[in-house]
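So the mapping is simple: the numbering used here equals the position in the sequence shown, first residue as 1, plus 4.
Fair warning: there could be bad hints in the mix.
Claimed, not checked - What follows is a list of derived Cβ distance ranges for each label pair:
{"no.": "1", "residue 1": "82", "residue 2": "9", "range": "18 to 24 Å"}
{"no.": "2", "residue 1": "62", "residue 2": "13", "range": "45 to 51 Å"}
{"no.": "3", "residue 1": "86", "residue 2": "29", "range": "34 to 40 Å"}
{"no.": "4", "residue 1": "106", "residue 2": "66", "range": "23 to 29 Å"}
{"no.": "5", "residue 1": "91", "residue 2": "47", "range": "17 to 23 Å"}
{"no.": "6", "residue 1": "11", "residue 2": "86", "range": "37 to 43 Å"}
{"no.": "7", "residue 1": "22", "residue 2": "73", "range": "27 to 33 Å"}
If you are wondering where the hints come from, they were derived from the structure by calculation, not from laboratory data. These numbers were taken from a predicted model, which means no experiment stands behind them. Glycine is no exception: its CB is placed at the ideal position from the N, C-alpha and C atoms.
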Amino acid sequence: DLHMSEDRLHQELLGRLLTTLCADAFAERGIPAKSIQSPSSAMRMLKVSEALGSMTDSELARECQRWNVPWDPDMHRDEVLRRLRMHLRWRSLPLDELWKQSNLAGTVG
Numbered sequence: 005d006l007h008m009s010e011d012r013l014h015q016e017l018l019g020r021l022l023t024t025l026c027a028d029a030f031a032e033r034g035i036p037a038k039s040i041q042s043p044s045s046a047m048r049m050l051k052v053s054e055a056l057g058s059m060t061d062s063e064l065a066r067e068c069q070r071w072n073v074p075w076d077p078d079m080h081r082d083e084v085l086r087r088l089r090m091h092l093r094w095r096s097l098p099l100d101e102l103w104k105q106s107n108l109a110g111t112v113g
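Required output: the full structure, derived from the provided sequences and hints.
The structure is reproduced here in structure tokens:
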């Protein structure tokens with residue numbers, strides 16, 4: 005943006021630097037920080053992901069319903085967490101990155 009103030013530009017660049025420097029640590033926890041390009045979004049994702057891990061099975065089932073994630077009562081807890089965290093990643097990606105990843109996975113036609 006050509007009309008961005010110096011202060012806003014400075015904040016934007018610092019955010020990108022922080023995201024880049026911490027990208028590996030986020031990636032180890034399943035957070036695609038490089039794709040998100042926002043340290044605050046990556047931190048929010050990390051907090052939600054960690055909160056999911058501490059939920060009871062019935063709380064996870066409610067989250068699946070709330071997020072419209074397919075769920076079955078016989079599903080193993082690890083699979084429920086995997087699905088919820090995948091949904092969390094997908095909804096946090098910019099549309100162009102989501103499109104690119106879905107094409108790579110063969111889910112878009």
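Hint check:
no.: 1; hint: 82 <-> 9: 18 to 24 Å; in the structure: violated (47 Å)
no.: 2; hint: 62 <-> 13: 45 to 51 Å; in the structure: holds (47 Å)
no.: 3; hint: 86 <-> 29: 34 to 40 Å; in the structure: violated (20 Å)
no.: 4; hint: 106 <-> 66: 23 to 29 Å; in the structure: holds (27 Å)
no.: 5; hint: 91 <-> 47: 17 to 23 Å; in the structure: holds (18 Å)
no.: 6; hint: 11 <-> 86: 37 to 43 Å; in the structure: holds (41 Å)
no.: 7; hint: 22 <-> 73: 27 to 33 Å; in the structure: holds (30 Å)
Hint violations for this structure: numbers 1, 3, all remaining hints satisfied.
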